[in-house]
Structures are given as C-alpha cells and as structure tokens.
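Undergrad: Residue strings, one per chain:
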Amino acid sequence: MKKQDITCDVLIIGAGFAGMAACARASELGLKTIMAGNSSQLYFASGLFDFLGVYPLDPATLLTNPETGLDLLKKEMPDHPYSKTGLKPILNSFDFIIDYLRSAGLEYETSKGRNISVLTAAGTFKPTFLVPETIKKCQMIKRNKNLLIIDFKGLTGFSAKQIAARLKKKLNSIHTLSIELVPDKTVLPPMHLASMFENDVFLEKIAKKICNCGCQADLLGIPAVCGINKSLNILTKLEKMTNLDIFEIPMMPPSIPGLRLKNAFEKQFAKQFKKKRVQFLSQTKIRSQIINENEFILNAVNQNMETRIEAKCVVLASGRFQSGGLYAHRKQIFETVFNLPVHQPEHRNLWHHRNLFEKQGHLINTSGIETDNVFRPVDTNGSIIHKNLYAAGAILAHNDWTRLKSGSGVSALSAFTAVNDFYNSHRPSADNSNYEK
Amino acid sequence: METDVLIIGGGVTGTGIARDLALRGLNTILIEKKDLNAGASGGNHGLLHSGARYIRSDPEAASECQIEQAILKKQAAHCIEETGGLFVAVKGDDENYIQDFPQMCEQLHIQCEKIDPKKALEMEPALSKDLIAVYQVNDASINPFKLSIENMNNAISFGSSYLTHTEIENFKIENNKIIYAGARNKISGKIIKIRAKTYVNASGAWAKNIAAMAGINVNMVFSMGSLLVTSQRITKRVINRLRMPTDGDILVPGGVVSILGTTSIRIEDPDKIYPAVDEVDHIIEQGGQMIPALKESRYIRAYAGVRPLVSMGGDDDDREVSRGFTLLDHEKNGVDNFITITGGKLSTYRLMAEKTSDIVCKKHGITQPCKTKTTPLPSTHDGDWSEPGVFIADSIDSKTFHDSYLCECEMVPAKAIDRVIDSIKRNGGSPNLESIAVRTRVGKGTCQGTYCSVRLLSRLCDNKDYTAANGLNDLKLFLNERWKGEHPLLWDQTLVHSSLKEMIHCGLFCLELDEQ
Chain R
32 MKKQDITCDV LIIGAGFAGM AACARASELG LKTIMAGNSS QLYFASGLFD FLGVYPLDPA
92 TLLTNPETGL DLLKKEMPDH PYSKTGLKPI LNSFDFIIDY LRSAGLEYET SKGRNISVLT
152 AAGTFKPTFL VPETIKKCQM IKRNKNLLII DFKGLTGFSA KQIAARLKKK LNSIHTLSIE
212 LVPDKTVLPP MHLASMFEND VFLEKIAKKI CNCGCQADLL GIPAVCGINK SLNILTKLEK
272 MTNLDIFEIP MMPPSIPGLR LKNAFEKQFA KQFKKKRVQF LSQTKIRSQI INENEFILNA
332 VNQNMETRIE AKCVVLASGR FQSGGLYAHR KQIFETVFNL PVHQPEHRNL WHHRNLFEKQ
392 GHLINTSGIE TDNVFRPVDT NGSIIHKNLY AAGAILAHND WTRLKSGSGV SALSAFTAVN
452 DFYNSHRPSA DNSNYEK
Chain S
5 METDVLIIGG GVTGTGIARD LALRGLNTIL IEKKDLNAGA SGGNHGLLHS GARYIRSDPE
65 AASECQIEQA ILKKQAAHCI EETGGLFVAV KGDDENYIQD FPQMCEQLHI QCEKIDPKKA
125 LEMEPALSKD LIAVYQVNDA SINPFKLSIE NMNNAISFGS SYLTHTEIEN FKIENNKIIY
185 AGARNKISGK IIKIRAKTYV NASGAWAKNI AAMAGINVNM VFSMGSLLVT SQRITKRVIN
245 RLRMPTDGDI LVPGGVVSIL GTTSIRIEDP DKIYPAVDEV DHIIEQGGQM IPALKESRYI
305 RAYAGVRPLV SMGGDDDDRE VSRGFTLLDH EKNGVDNFIT ITGGKLSTYR LMAEKTSDIV
365 CKKHGITQPC KTKTTPLPST HDGDWSEPGV FIADSIDSKT FHDSYLCECE MVPAKAIDRV
425 IDSIKRNGGS PNLESIAVRT RVGKGTCQGT YCSVRLLSRL CDNKDYTAAN GLNDLKLFLN
485 ERWKGEHPLL WDQTLVHSSL KEMIHCGLFC LELDEQ
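Protein chains in written order, with our numbering: chain R, 32 to 468; chain S, 5 to 520.
No wet-lab data here; the hints were simulated from the structure. Here a beta-carbon is modelled for each residue, glycine too, at the ideal position from N, C-alpha and C. Errors might be hidden in some of the hints.
Stated by the list, open to error - The calculated EDC-like cross-link candidates involving lysine to aspartate or glutamate, where the alpha carbons are at most 20 Å apart (straight line), are:
#1 R:Lys-199 to S:Glu-485
#2 S:Lys-419 to R:Glu-211
#3 R:Lys-362 to S:Asp-285
#4 S:Lys-468 to R:Glu-211
#5 R:Lys-200 to S:Asp-98
#6 R:Lys-199 to S:Asp-478
#7 S:Lys-276 to R:Glu-389
#8 R:Lys-184 to S:Asp-422
#9 S:Lys-488 to R:Asp-36
#10 R:Lys-184 to S:Asp-469
#11 R:Lys-201 to S:Glu-519
#12 R:Lys-184 to S:Glu-300
#13 R:Lys-201 to S:Glu-485
#14 R:Lys-199 to S:Glu-519
#15 R:Lys-390 to S:Asp-518
#16 S:Lys-133 to S:Glu-86
#17 R:Lys-199 to S:Glu-300
#18 R:Lys-168 to R:Asp-276
#19 R:Lys-362 to S:Asp-496
#20 R:Lys-184 to S:Asp-496
#21 R:Lys-184 to S:Glu-412
#22 R:Lys-390 to S:Glu-485
#23 R:Lys-390 to S:Asp-478
#24 R:Lys-390 to S:Asp-282
#25 R:Lys-362 to S:Glu-412
#26 R:Lys-200 to S:Asp-518
#27 R:Lys-200 to S:Asp-282
#28 R:Lys-418 to R:Glu-389
#29 R:Lys-362 to S:Glu-300
Stated by the list, open to error - Now the in silico label distances, taken between C-beta atoms and shown as ranges:
#30 R:Glu-211 to S:Asn-484: 48 to 58 Å
#31 R:Glu-389 to S:Gly-259: 44 to 54 Å
#32 S:Gly-259 to R:Arg-318: 47 to 57 Å
#33 R:Pro-214 to S:Asn-467: 12 to 22 Å
#34 S:Ser-192 to R:Glu-211: 26 to 36 Å
#35 S:Met-248 to R:Ser-414: 33 to 43 Å
#36 R:Asn-333 to S:Thr-450: 53 to 63 Å
#37 R:Leu-118 to S:Asp-469: 20 to 30 Å
#38 S:Glu-86 to R:Asn-333: 24 to 34 Å
#39 S:Ile-370 to R:Pro-214: 27 to 37 Å
#40 R:Asn-177 to S:Ala-473: 39 to 49 Å
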C-alpha cells in the first residue's frame with residue numbers, strides 16, 4: 032500500500048452535506064483543507080434544503096415562516112443546535128452555500144425568507160426552505176391550474192396516478208400520462224433515465240408525447256430525473272418545446288437532485304485542488320488518531336493509500352448511524368472516530384416509539400454529540416474536549432431532523448460556524464478582513 | 005350466502021378443516037377477519053416437532069407430534085424442509101433431564117440418536133464449545149403460509165370459498181341451532197348473512213369471543229411467545245435445548261434465515277401483542293448459551309404469536325397447561341350445530357382438522373373417513389412466493405430476464421406480484437400491500453419494506469382494482485406492521501436500515517404529518 036504524509040489547517044471527516052459545506056467554507060477562507068470520507072450518502076439527499084419545517088411537533092405545526100418556529104424552539108429546546116446562534120448565521124450559511132453551488136452551475140432559488148411546500152412522489156407536500164430551480168415551480172400548484180403529471184414505465188416507485196389520486200381534492204383538473212420507453216416490467220433506473228434526458232432527440236420525443244396527450248395542461252410535474260448535468264437548461268428546453276411550466280418531483284433514493292449536489296461540490300473542490308487548497312480523500316476511513324495540544328495526527332486509509340494527516344483543526348461531520356459516525360451496540364451508542372461522549376437515552380427501551388410515525392419522533396434521533404456554542408464537542412461536565420475539535424451536521428445531539436425538517440439548516444449552520452470560529456481564532460493578526468458575513 | 009359448513013378462522017386449522025371437509029364432499033365457506041394466518045398460524049416458529057420437546061411436559065402432545073410429523077412429511081412435502089434436529093445440552097444444564105431423555109423418547113416411539121459432542125460440532129459448527137450431550141431427532145421446518153394457502157386452494161378446487169377481512173358479528177339462534185351468521189366486510193363495510201348447516205369456530209385465540217356470540221363460555225388463557233428472525237441461516241438443523249422447555253431454547257432454520265424463540269408470557273388481549281426490548285434481550289442471552297453466534301448475530305425482525313390455551317382453572321405456569329388441542333361440541337351447551345376447535349399446535353393441525361371434521365360429518369350423516377392422512381396436498385404454486393429464494397430458481401429456468409424486482413432484498417419480481425394480485429382477485433379478495441405481503445416475501449428482507457413498499461404501492465396504483473386514494477394509508481399501515489417487528493431489534497445494521505426508512509418516509513415523504 033502506498034503511503035503519504037500531508038499537513039493541513041482543517042481536516043474534515045465526512046463528505047455528506049455538512050462535510051461538503053465545511054470544506055467549501057474552509058477553502059473559501061483560504062485554509063488548507065482535507066476532506067476524508069465517502070460522499071455516496073448524498074445519493075440519499077433529496078436536494079431540498081430544510082431550515083425548520085415543523086414546530087411544535089405535537090400537534091404538528093407546519094411553519095410558513097421558520098423564524099416564528101425558531102423563536103419558540105429556542106425557548107423550549109435550549110440544547111438544539113439552532114439555539115446556540117441567532118437567525119442571521121443560519122441565513123448566512125444558506126446564502127454562502129447557494130452562492131457556492133451557483134458558481135458550480137447548480138441553481139437554487141433565492142430565499143424569500145419563508146418555507147415552501149414541495150410535492151413529493153408520495154403525493155404529499157414537504158415543507159422546506161430552499162429548492163433547486165428545477166423544483167421551484169411546484170409552488171404554482173393552485174386550484175385553477177390544469178396539472179399534468181407524467182411517469183415512466185420501468186421507473187419503479189413513481190406513479191403519476193398515485194400522486195393524482197392524492198391531489199384530486201386540491202385541484203379542479205389533473206391528468207396523468209404514462210410514458211413507455213422500455214417494454215413493461217423492465218427496470219429503468221433513475222440514473223439511466225436522467226442521462227437519457229441529456230439527449231436533445233430524446234427530449235423532443237418526450238415533448239411530443241406530452242403535447243399529443245391532449246389534456247390541455249398548463250403545468251407539468253415530472254419525476255426528478257431531468258438530467259444529471261445542466262438540469263435547469265434541460266428543463267427550460269422542455270418547457271419551450273411543450274409550452275408548459277414544469278417542475279420536478281423528488282422521489283426516493285437514489286436521488287438525482289442529491290447526485291447533482293454531490294457533483295457541484297466536487298466540481299468546485301477539483302478547482303481548489305489545482306490551487307492545492309483542497310484535497311479530497313475519497314472512500315477513506317480514519318483508523319487511528321493522536322490528539323496533541325496544537326495538532327491532530329490521524330491515520331486515514333482507503334483501498335490503495337495510507338495517509339498520515341497532521342491537522343490543526345478537525346471538523347467531525349461523519350453523520351449518524353447510516354454513514355457510520357455513530358454506532359449502536361445493543362446496549363449503548365458510540366461515536367466511532369474519537370469515541371466522544373454520546374448523549375443518549377438510558378436504555379434501548381427508550382430509543383424508539385412503538386409507532387413509526389409518532390409525531391414527537393423517536394428519542395434516539397436526539398442522541399448525538401453535545402457541543403458548546405461554536406460546535407466544539409463537550410464532555411459530560413460541559414468542558415470542551417479540544418479547542419480545535421468541532422462537530423457538524425447530523426451527528427449533533429438534540430436535533431430530530433426527520434420530524435423538525437431541519438437537517439440541511441443544522442448542517443450548514445454548524446459547518447459554517449465551526450470553520451469560521453477556527454479561522455477567526457487562528458488568522459494572523461495582520462489580516463483584518465472580516466470573513467464573518 | 006349458503007353452504008354446508010361455515011368455518012370461522014383462516015389459520016392452519018380452519019384451512020385444514022376446509023380441505024378435510026371438501027375431500028369428504030362437503031361444501032364450505034371460510035371466513036377470516038384479517039387474512040390467512042393472521043393469528044398464531046403466522047406467528048410461530050415454523051417448526052414441525054419430532055415430539056421430543058414435550059416428552060416430559062406433555063407426553064400426549066409429544067406422541068401426537070410424532071405421528072403427525074411423519075404423515076405431513078409424506079403428504080405435504082412441498083411445504084416442509086426435512087432439516088432434522090438436534091437436542092443439545094451445555095455445561096450447567098439439568099443432568100437428570102439429559103439422562104432420562106433417550107428413555108422418555110423411546111417410550112413415546114420418538115426416534116432419537118445419541119451424538120458425540122465433537123461430531124455434533126462438525127455437523128453444526130455454530131454450536132457452543134461447551135456441549136455436554138447431543139441427541140439427533142426428526143424435527144423439520146414447515147412453511148405455515150404455504151400450508152394454509154395450499155389447503156385453501158385445494159378446498160377451493162372442490163367448490164369451497166373463503167372471505168378475508170370479514171368478521172362475524174352475530175349468530176341468529178333458534179331452537180338450539182344457529183340459523184345464520186351475520187358478518188361484515190371490514191373493508192367495504194358490507195353486511196352479509198351466511199346460512200350453514202354447521203358452524204365451526206376455528207378462530208384460535210379469538211375462539212372465546214366467537215363462542216360468546218353463541219352464548220357459550222369457553223374459558224381461555226393466552227400465552228404470548230416472541231420470536232426473532234436472523235439475517236442469515238445459522239444452522240442446517242433445528243437446534244433445541246436439551247432441558248425442560250423454557251425461553252429462548254429453539255432455533256429453527258426457515259429457508260435462508262433462522263428463527264430463534266420463544267417466550268411464554270400471559271397476556272390479556274390477543275389483539276395487543278408485541279415483542280418487547282427486554283424480551284428480545286432475554287431470548288438472545290438464552291439462545292446464545294447454546295449458539296454463541298446468536299449474541300452477535302444480526303436480526304431483521306421480531307414477531308409474536310399467541311398460544312390459545314383452554315384453561316383448566318388455577319394459575320399454573322402456561323407451559324404446564326396442555327399444549328394439546330381442545331375440541332368442543334357445543335351440542336352439550338345447547339347449540340347443536342356449533343363446534344369449537346382451539347389450542348394445539350402447528351405440528352398437529354391436520355389431526356385437529358380431522359377430529360373436528362369427524363364431528364361435522366357425523367352431524368351431517370356422512371360416513372366417509374378422513375382422507376388427509378393418505379391424500380397428498382397438491383401444489384398450486386400460489387404459495388411459492390412466500391418462500392425465500394424462489395425467484396433465483398425461477399429466473400434460472402425462465403428465458404425472460406426483463407423483469408423488474410419490486411422487492412430487491414428478497415428478489416420478488418413484478419410478474420410475481422401480478423400473479424399474486426390475480427390469485428387474490430380470483431378468490432374474491434382485494435389486493436393491497438398487506439394482502440400481497442402475506443403471500444410473498446415482500447417487505448421481509450433487510451430493508452423491511454423501505455423501498456419495496458413504495459414500488460409496490462406505485463404498481464398497485466396503476467392497477468384498476470386498487471383505490472389509489474387509500475394508498476398512503478395503506479402504506480402507513482404496512483410500514484407500521486413491519487415496524488412492530490423491527491422495533492425491539494434496532495441496533496447495529498438493523499438500526500441503519502430503519503434510519504433510512506425514517507429518512508425516506510418521514511424526512512422526505514412526511515408521512516407522519518399525513519392525516520387522512
């Protein structure tokens with residue numbers, strides 16, 4: 032196995048949304064950054080950026096303005112990551128990410144300061160904060176609209192009829208069209224279909240079928256497979272061909288909007304890599320670590336390389352159970368890289384509610400790493416573990432993002448705050464530029 | 005509706021009776037308040053007992069098992085895997101019980117062969133190194149879903165029929181006879197009257213409720229047993245602990261998985277059962293004593309079943325209340341054409357059906373003897389998809405590879421689903437997620453319905469026999485039914501999968517917010 036030694040300012044462990052956000056911020060600030068992890072979890076991301084969709088949880092209150100919920104949440108949940116900062120840093124971190132993605136060619140709708148409802152493949156509406164441009168027109172769904180929803184035979188888990196059956200009561204007029212590209216029962220994986228959309232001839236064929244279906248629609252919903260790259264261009268082309276407003280409908284993973292997100296981040300990192308600012312160690316696991324007063328020495332391993340990393344600062348963005356940041360043994364939950372103390376319910380009996388759809392959520396989802404106000408992990412006495420060790424994203428305690436609809440917001444905020452804090456406490460005193468927006 | 009015999013309850017006993025009576029020329033209607041095997045017939049070990057487990061606690065049941073297993077292996081071979089079984093004792097187990105074991109088996113004509121512990125370890129490497137005694141017996145594993153489907157199909161081929169999701173609401177009784185039964189379809193709400201000459205109550209744990217509608221008291225107690233499904237098959241054979249029956253002492257292979265159980269907890273309401281976290285831990289600790297790998301094994305599902313036991317009074321340990329069956333001709337209670345059959349076990353379902361049918365035939369003046377002992381149960385393939393791994397064999401034989409898997413964990417292709425939908429419709433049922441799940445492996449794999457539920461639902465919505473507007477409700481019910489079995493097992497990889505489930509169904513689809 033090959034070996035290499037590298038030094039950096041910031042090591043980010045984890046390449047999910049929080050890791051990507053931290054890496055983006057750190058490299059923008061000119062810090063020498065290494066990101067180690069497995070970015071494949073972004074296939075599971077919907078591509079929607081949640082801030083705070085629901086609060087209080089029971090009875091569930093859907094928030095039009097997340098700020099209203101935030102004020103109450105801060106009072107009632109002082110340990111929630113949002114309670115550590117104000118509204119401004121949350122919005123700033125979103126702005127930063129949107130700008131960053133835009134420069135990579137992935138367009139998100141600029142925030143209007145309130146939540147929007149996105150139509151999902153289940154026919155439900157999900158409250159979220161920021162959406163890709165290709166999804167935003169779902170906001171045009173109104174009673175007087177003539178909506179057409181299309182599906183593709185072979186794209187399993189997406190039925191136009193299912194969505195239409197749910198929306199019937201909300202709309203005067205709704206139609207469905209099922210497009211057959213492959214013989215019945217053949218699978219058409221989302222990734223494959225999405226790449227077909229990148230072909231103009233294919234696009235024209237689809238447009239023709241839509242135009243010929245004779246349903247006089249003025250708004251069109253399609254599964255979120257409208258190209259992997261340049262999705263907005265493709266969607267706009269299809270809008271011109273059909274003379275319809277079009278929006279994408281997010282479906283279960285593998286998620287194309289999640290893949291676009293991953294590609295956009297990685298594209299930007301590749302540019303930074305040329306400037307020797309960012310290095311991405313993909314498919315990498317941290318094997319061992321030594322923590323000194325002013326540095327971390329870690330051993331990172333992937334299939335063909337063993338890397339010794341000396342870092343001044345570490346941002347732990349390794350996620351929860353699915354990505355392996357937390358591990359649940361039958362009797363206890365552990366943090367897997369540094370064995371940090373994990374806030375958790377006393378007994379497994381309390382981890383989950385008997386009803387999967389319990390409004391309050393499952394207690395295990397509030398387990399995780401507890402931190403100070405700049406997201407540095409603390410021990411049971413509340414003292415920080417290390418002055419330059421930060422945690423960001425889903426691994427943080429007290430945030431049940433599946434219920435609060437707060438995942439991306441907490442990830443963005445914690446990543447942004449952590450990197451800014453390290454930067455501000457370490458930048459040379461001669462440098463007076465203010466990076467905190 | 006009119007028929008010779010109305011059978012209440014669609015478990016192995018009810019379907020077994022339907023077939024037995026059909027073979028003797030009687031027309032039957034079977035009604036079931038949920039779906040086939042919704043009660044104990046679905047919530048058990050899938051173990052065809054050699055009888056050795058009960059040699060001391062219940063010699064009569066042991067003897068019945070011994071005879072029945074031989075008959076079933078011959079007549080229902082396609083529902084059985086002849087795995088063989090071992091009884092194993094580890095250090096610390098009761099030496100007297102071990103010593104008496106072979107002799108007790110011999111007295112009841114149960115085949116049993118002493119095995120050297122070293123050889124046993126070669127036969128089953130997963131066994132504990134602390135073995136002190138091992139005996140080989142004739143245990144086997146049996147697929148109760150397939151069994152019920154095939155029994156019912158066979159009865160249908162003779163003109164019988166069955167109604168699922170239909171619940172008895174009342175009996176009209178005149179002159180010591182039930183004149184008709186009033187029932188309601190729980191999905192459509194439709195009320196029906198069924199007139200029969202004889203009424204058989206084969207509703208297992210619910211027999212008390214049904215009997216009460218005819219003004220008859222059947223004194224029952226309920227013993228809940230919980231079981232765990234491992235993600236892989238751990239042993240080739242059935243492994244029993246060589247001791248007086250207690251908790252966590254049987255591991256039964258079922259196709260590609262193994263099932264560890266069980267417990268015995270007295271409960272009040274057979275409709276409110278679930279395996280609890282502490283119970284699961286207890287089963288694992290116990291099972292781990294004979295097979296250490298069980299302590300670290302991955303479990304994909306826990307489930308519970310209710311043993312209906314007819315009480316003889318007193319507060320005895322439920323394991324000491326007879327596991328034998330109870331057959332009551334209510335003629336002596338003043339209802340001449342009403343019979344209750346309950347208790348018993350999966351291994352002796354055929355015998356229970358035979359004895360019940362004997363009384364029915366006597367009431368109908370039919371002298372034909374029982375044929376199920378000698379007539380093989382035909383295989384109709386409707387039950388095939390309830391078996392793990394069927395598609396692998398099927399796809400190797402088939403030339404059409406262009407078929408999508410709706411369930412990737414258990415490899416259930418779309419065409420299988422379409423076939424199952426057809427068979428549900430053929431039998432007057434309504435296809436939905438739950439009725440398909442009963443008949444296939446859908447939702448039973450590692451993802452426990454996370455993906456396949458969505459794929460199945462969208463496929464159903466494109467089918468004209470399905471009301472798409474009910475879809476999300478159906479989806480929630482299905483996922484919560486799966487959840488019931490995941491809930492006590494959520495650690496390690498199983499927790500990872502449940503996190504994904506929550507991420508998709510709550511995080512994205514917001515089903516927890518859906519009120520319909």
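Undergrad: It remains to establish, for every hint, whether it holds in the given structure.
TA: Hints versus structure:
1. R:Lys-199 to S:Glu-485: Given pair Lys-199 of chain R, Glu-485 of chain S is violated - Cα atoms ~28 Å apart, limit 20 Å.
2. S:Lys-419 to R:Glu-211: Since the Cα atoms of Lys-419 of chain S and Glu-211 of chain R sit roughly 17 Å apart, the hinted pair holds (cutoff 20 Å).
3. R:Lys-362 to S:Asp-285: Roughly 10 Å separates the two Cα atoms, so the pair holds.
4. S:Lys-468 to R:Glu-211: At roughly 18 Å apart (the allowed maximum being 20 Å), Glu-211 of chain R and Lys-468 of chain S satisfy the hint.
5. R:Lys-200 to S:Asp-98: violated, 68 Å
6. R:Lys-199 to S:Asp-478: The hint holds at about 18 Å.
7. S:Lys-276 to R:Glu-389: Answer holds: Lys-276 of chain S to Glu-389 of chain R is near 18 Å, not above 20 Å.
8. R:Lys-184 to S:Asp-422: holds, 15 Å
9. S:Lys-488 to R:Asp-36: This hinted pair is violated, its Cα atoms lying about 50 Å apart.
10. R:Lys-184 to S:Asp-469: holds, 19 Å
11. R:Lys-201 to S:Glu-519: holds, 15 Å
12. R:Lys-184 to S:Glu-300: Violated - the C-alpha atoms of Glu-300 of chain S and Lys-184 of chain R are around 42 Å apart, more than 20 Å.
13. R:Lys-201 to S:Glu-485: violated, 30 Å
14. R:Lys-199 to S:Glu-519: holds, 16 Å
15. R:Lys-390 to S:Asp-518: This hinted pair holds, its Cα atoms lying about 10 Å apart.
16. S:Lys-133 to S:Glu-86: violated, 26 Å
17. R:Lys-199 to S:Glu-300: Violated, at roughly 50 Å.
18. R:Lys-168 to R:Asp-276: Between Lys-168 of chain R and Asp-276 of chain R the Cα gap is close to 7 Å, so the pair holds against 20 Å.
19. R:Lys-362 to S:Asp-496: The given pair, whose Cα atoms are some 10 Å apart, holds under the 20 Å limit.
20. R:Lys-184 to S:Asp-496: violated, 36 Å
21. R:Lys-184 to S:Glu-412: holds, 18 Å
22. R:Lys-390 to S:Glu-485: holds, 17 Å
23. R:Lys-390 to S:Asp-478: holds, 18 Å
24. R:Lys-390 to S:Asp-282: violated, 24 Å
25. R:Lys-362 to S:Glu-412: Not OK: Lys-362 of chain R and Glu-412 of chain S at ~30 Å, beyond 20 Å, violated.
26. R:Lys-200 to S:Asp-518: Holds, at about 15 Å.
27. R:Lys-200 to S:Asp-282: With a Cα-Cα distance of about 46 Å, the restraint between Lys-200 of chain R and Asp-282 of chain S is violated, given a limit of 20 Å.
28. R:Lys-418 to R:Glu-389: violated, 38 Å
29. R:Lys-362 to S:Glu-300: holds, 12 Å
30. R:Glu-211 to S:Asn-484: 48 to 58 Å: This hint is violated: roughly 34 Å between Cβ atoms.
31. R:Glu-389 to S:Gly-259: 44 to 54 Å: violated, 33 Å
32. S:Gly-259 to R:Arg-318: 47 to 57 Å: Since the Cβ atoms of Gly-259 of chain S and Arg-318 of chain R sit about 38 Å apart, the hinted range of 47 to 57 Å is violated.
33. R:Pro-214 to S:Asn-467: 12 to 22 Å: Taking Cβ atoms as reference, Pro-214 of chain R and Asn-467 of chain S lie about 18 Å apart, which means the hint holds.
34. S:Ser-192 to R:Glu-211: 26 to 36 Å: Since Ser-192 of chain S and Glu-211 of chain R have Cβ atoms about 33 Å apart, the given range 26 to 36 Å holds.
35. S:Met-248 to R:Ser-414: 33 to 43 Å: violated, 55 Å
36. R:Asn-333 to S:Thr-450: 53 to 63 Å: violated, 26 Å
37. R:Leu-118 to S:Asp-469: 20 to 30 Å: violated, 51 Å
38. S:Glu-86 to R:Asn-333: 24 to 34 Å: violated, 48 Å
39. S:Ile-370 to R:Pro-214: 27 to 37 Å: Since Ile-370 of chain S and Pro-214 of chain R have Cβ atoms about 53 Å apart, the given range 27 to 37 Å is violated.
40. R:Asn-177 to S:Ala-473: 39 to 49 Å: Violated - the Cβ-Cβ distance for Asn-177 of chain R and Ala-473 of chain S, about 20 Å, lies outside 39 to 49 Å.
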